[in-house]
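Make the full structure from the sequences, and use the hints.
In the UniProt record's numbering, the protein residues as written are 1 to 324.
Hint data in this document are derived by calculation from the structure and do not stem from the laboratory.
In this text, a Cβ means the ideal position worked out from N, Cα and C, and glycines have one as well.
Do not rely on the hints blindly, as some may be mistaken.
Cβ-Cβ distance ranges computed for the label pairs, FRET-style [said to hold, decoys possible]:
{"#": "1", "residue 1": "T251", "residue 2": "Q216", "range": "34 to 40 angstroms"}
{"#": "2", "residue 1": "N190", "residue 2": "P127", "range": "32 to 38 angstroms"}
{"#": "3", "residue 1": "A80", "residue 2": "A275", "range": "42 to 48 angstroms"}
{"#": "4", "residue 1": "L12", "residue 2": "T177", "range": "22 to 28 angstroms"}
{"#": "5", "residue 1": "E48", "residue 2": "S306", "range": "38 to 44 angstroms"}
{"#": "6", "residue 1": "A279", "residue 2": "L12", "range": "28 to 34 angstroms"}
{"#": "7", "residue 1": "S306", "residue 2": "E19", "range": "38 to 44 angstroms"}
{"#": "8", "residue 1": "L13", "residue 2": "P103", "range": "36 to 42 angstroms"}
{"#": "9", "residue 1": "T191", "residue 2": "S138", "range": "27 to 33 angstroms"}
{"#": "10", "residue 1": "A279", "residue 2": "P103", "range": "34 to 40 angstroms"}
{"#": "11", "residue 1": "K92", "residue 2": "E48", "range": "36 to 42 angstroms"}
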Amino acid sequence: MAVTLPFLMHTLLTDSPAEAAALLNGGKIVAFPTETVYGLGATINHSEALKQIFVAKGRPSDNPLILHIAHPDNIGKVAATVPRYAERFIEKFFPGPLTLVLPKQPQVPELVTAGLQSVGVRCPAHPMAQALLALVNSPVAAPSANRSGKPSATSWETVYDDLNGRIDGLLRSAPCTIGLESTIVDCTANTPLLLRAGAITLEQLQAVVPSLRVNQPTHNNEPPKSPGLKYPHYAPHATIELLAVGAVPLTLPPNSAYIGIAPPPNGATLVMQCASIEAYGNALFQFFRTCDAHAIRTIYCELPTSDGLGRAIGDRLLRAAGRM
1 MAVTLPFLMH TLLTDSPAEA AALLNGGKIV AFPTETVYGL GATINHSEAL
51 KQIFVAKGRP SDNPLILHIA HPDNIGKVAA TVPRYAERFI EKFFPGPLTL
101 VLPKQPQVPE LVTAGLQSVG VRCPAHPMAQ ALLALVNSPV AAPSANRSGK
151 PSATSWETVY DDLNGRIDGL LRSAPCTIGL ESTIVDCTAN TPLLLRAGAI
201 TLEQLQAVVP SLRVNQPTHN NEPPKSPGLK YPHYAPHATI ELLAVGAVPL
251 TLPPNSAYIG IAPPPNGATL VMQCASIEAY GNALFQFFRT CDAHAIRTIY
301 CELPTSDGLG RAIGDRLLRA AGRM
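Have a look at this one:
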């Protein structure tokens, strides 16, 4: 992409959605909190700002962005059609950590969709995101607010570490409550397809639309329909070793770390024992970054069961380990 990054002298830190919205409306790029992870946004009516998202992150241009809207009623501004089953998902889960891939309206730029005729749409539930989106004059396209390939940012401090001087603004808030990216469902065919697992689980989705199926990964050169499917993601500098449920060893080598629900082994330099599957998901990405800050060589991660939120955590662990 023939765009150079204007290395900014200053990234504005703000606690004001109105101040962040003024930047977005002026064609700037701004990081903002959602309940899942922090996003890095630009309005879709500012093409140069959209390009700067890719440059600031070092993101490949064939990796589509997700559009964020303030209210479920706004979905018609970006989606050309909404199947009845997708309406049921919207009624049940919007606002919330769910992205629906739908046929796009003509005014949605191809830069957002990576040339596809579909677009991912999300209505976040985070109050700061809601306030921000209500004040902008156009839908906001936003991937996660981190350097491409690194673990997603779940706190404003992490965003600042990654992107200070590369973005125009950062809307500060408390750490994200979920800590994993949104669930993504492809709604462009007669039957919905789960593309990426998240906090809205497969079981919850199938309770609303029983015909929903799970996407089977393919390794071809077609552009991905959603983020998180094609390129390496979520990876710390450390090597990731995955531990099957019930197979956590008694001892780990020096300069290692452990995260999981089972009691930790002896010998690890850093340990994160999570009290629940929700706590595991919330802690994962920040723990990866903490391990990098301590120059940990190997992170041993307990694989959760593949039901409920465990499916999403397992997906992120497999991708971080380079196995997907």
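For the range 22 to 28 angstroms, tell me whether the beta carbons of L12 and T177 fit it or not. For T177 against L12, whose Cβ atoms are near 25 angstroms apart, the range 22 to 28 angstroms holds.
Is it true that T191 and S138 lie within 27 to 33 angstroms of each other by Cβ? Taking Cβ atoms as reference, T191 and S138 lie about 32 angstroms apart, which means the hint holds.
Could you say whether the range 32 to 38 angstroms given as a hint is met by the Cβ separation of N190 and P127? holds, 36 angstroms
Please test the hint of 38 to 44 angstroms on the beta carbon pair from E48 and S306. Since the Cβ atoms of E48 and S306 sit about 43 angstroms apart, the hinted range of 38 to 44 angstroms holds.
CB-CB spacing for P103 and A279 relative to the 34 to 40 angstroms hint: Between A279 and P103, where Cβ atoms are some 38 angstroms apart, the hint holds.
Outcome of range test on Cβ distance (L13, P103; 36 to 42 angstroms): holds, 38 angstroms
For the hint 38 to 44 angstroms, verify it against the beta carbon of S306 and that of E19. Given range 38 to 44 angstroms: holds, Cβ gap about 43 angstroms.
Note whether the CB distance of K92 and E48 lies within 36 to 42 angstroms or breaks it. holds, 37 angstroms
Taking the Cβ atom of T251 and the Cβ atom of Q216, is their distance within the range 34 to 40 angstroms? holds, 38 angstroms
Assuming the hint says 42 to 48 angstroms, is it satisfied by the Cβ distance from A80 to A275 or not? 44 angstroms Cβ-Cβ, so the 42 to 48 angstroms window holds.
Range hint compliance [Cβ, A279 to L12, 28 to 34 angstroms]: At roughly 33 angstroms between Cβ atoms, L12 and A279 fall inside 28 to 34 angstroms, so the hint holds.
Violated hints are absent here; each numbered hint is respected by the structure.
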